[in-house]
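Please model the complete structure; the sequences and the hints are all you need to start from.
There are 2 protein chains.
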Amino acid sequence: MHRHIVPDIVSDQQQFSPVSAGMSVRAAAILMADKRIGAVMVTEGTRLVGIFSERDVLNRVVAKGLDPDSTMVGAVMTPDPVTLGPSATAEEALELMQSRGFRHLPVVDGDRIIAICSIRDFFAAVNEELAEDLKQRDEIMFGTGYGA
Amino acid sequence: MHRHIVPDIVSDQQQFSPVSAGMSVRAAAILMADKRIGAVMVTEGTRLVGIFSERDVLNRVVAKGLDPDSTMVGAVMTPDPVTLGPSATAEEALELMQSRGFRHLPVVDGDRIIAICSIRDFFAAVNEELAEDLKQRDEIMFGTGYGA
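Residue numbers (the numbering used here), protein chains in the order written: chain P, 1 to 148; chain Y, 1001 to 1148.
Don't read these hints as lab results, they were simulated from the structure.
Please note that the accuracy of each hint is not assured.
In silico DSSO-like pairs for lysine-lysine, Cα to Cα no more than 27 Å straight-line [unchecked claim]:
#1 K1064/Y to K1035/Y
#2 K135/P to K1064/Y
#3 K1135/Y to K64/P
#4 K35/P to K1135/Y
#5 K64/P to K35/P
#6 K135/P to K1135/Y
Next up, the structure:
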């Protein structure tokens, strides 16, 4: 069975912690460390304006010698990120992310922000799906008890 | 067919860029950004002593307010990381990493360091393997031309 982003990967009620473009990199890093997340969505009001990740902290702040206290998230985020809708499948999400080199993907339903997913979420879902399909074939080919 | 770390995920001749424990976080970050990698192995001579990742830059340096220029990698790395040998399978590596929450895994052959792999490398290999096994079953069940 195909996994869809909602409800198989995330629920529609998922909690997420957006940050504003005017937040300092330091404050965003503290929030990300606290929540144990590798990326956050950047919002203006209810509008998604960017995505900010631990890779950005490494590449665009620390490696560039910028000061995390005086550098705002808006200056080093990836603006206008590509998004997917809740009914997209895990395969579609994974294909998009692999082809574009994304590691995080915001999920939005029209103007409504639902969640942010990591490529590992989708890999795990696709993996599970393939393993189940394989088990099903083996049950058909070898009988239900095979390998049990 | 089962994928093994060497040669299916990495070659035995893979280039990697270890850093020393006495290198500053800033210098390591510049190297990681330059090589476009999320984690580096930390070595003392030819011995693996730790692993340092972009997550460590976020959690242990920026979120903690440490100065990347005066903080040494050795102070914020994960010491004595778990490793796997080159003949381990992608499934074994993936299981280990998922159960322990690792995102990077050094591959060593006895005392010899071979490479560092990310969980995405293993997810991709296991996925490919499952998809191939599934295709094989479908060819047996439905004939070679099915779906072509």
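- Checked against the structure, which of the hints given earlier come out wrong? Going through the list in order, the structure violates hints 2, 3, 4 and respects the others.
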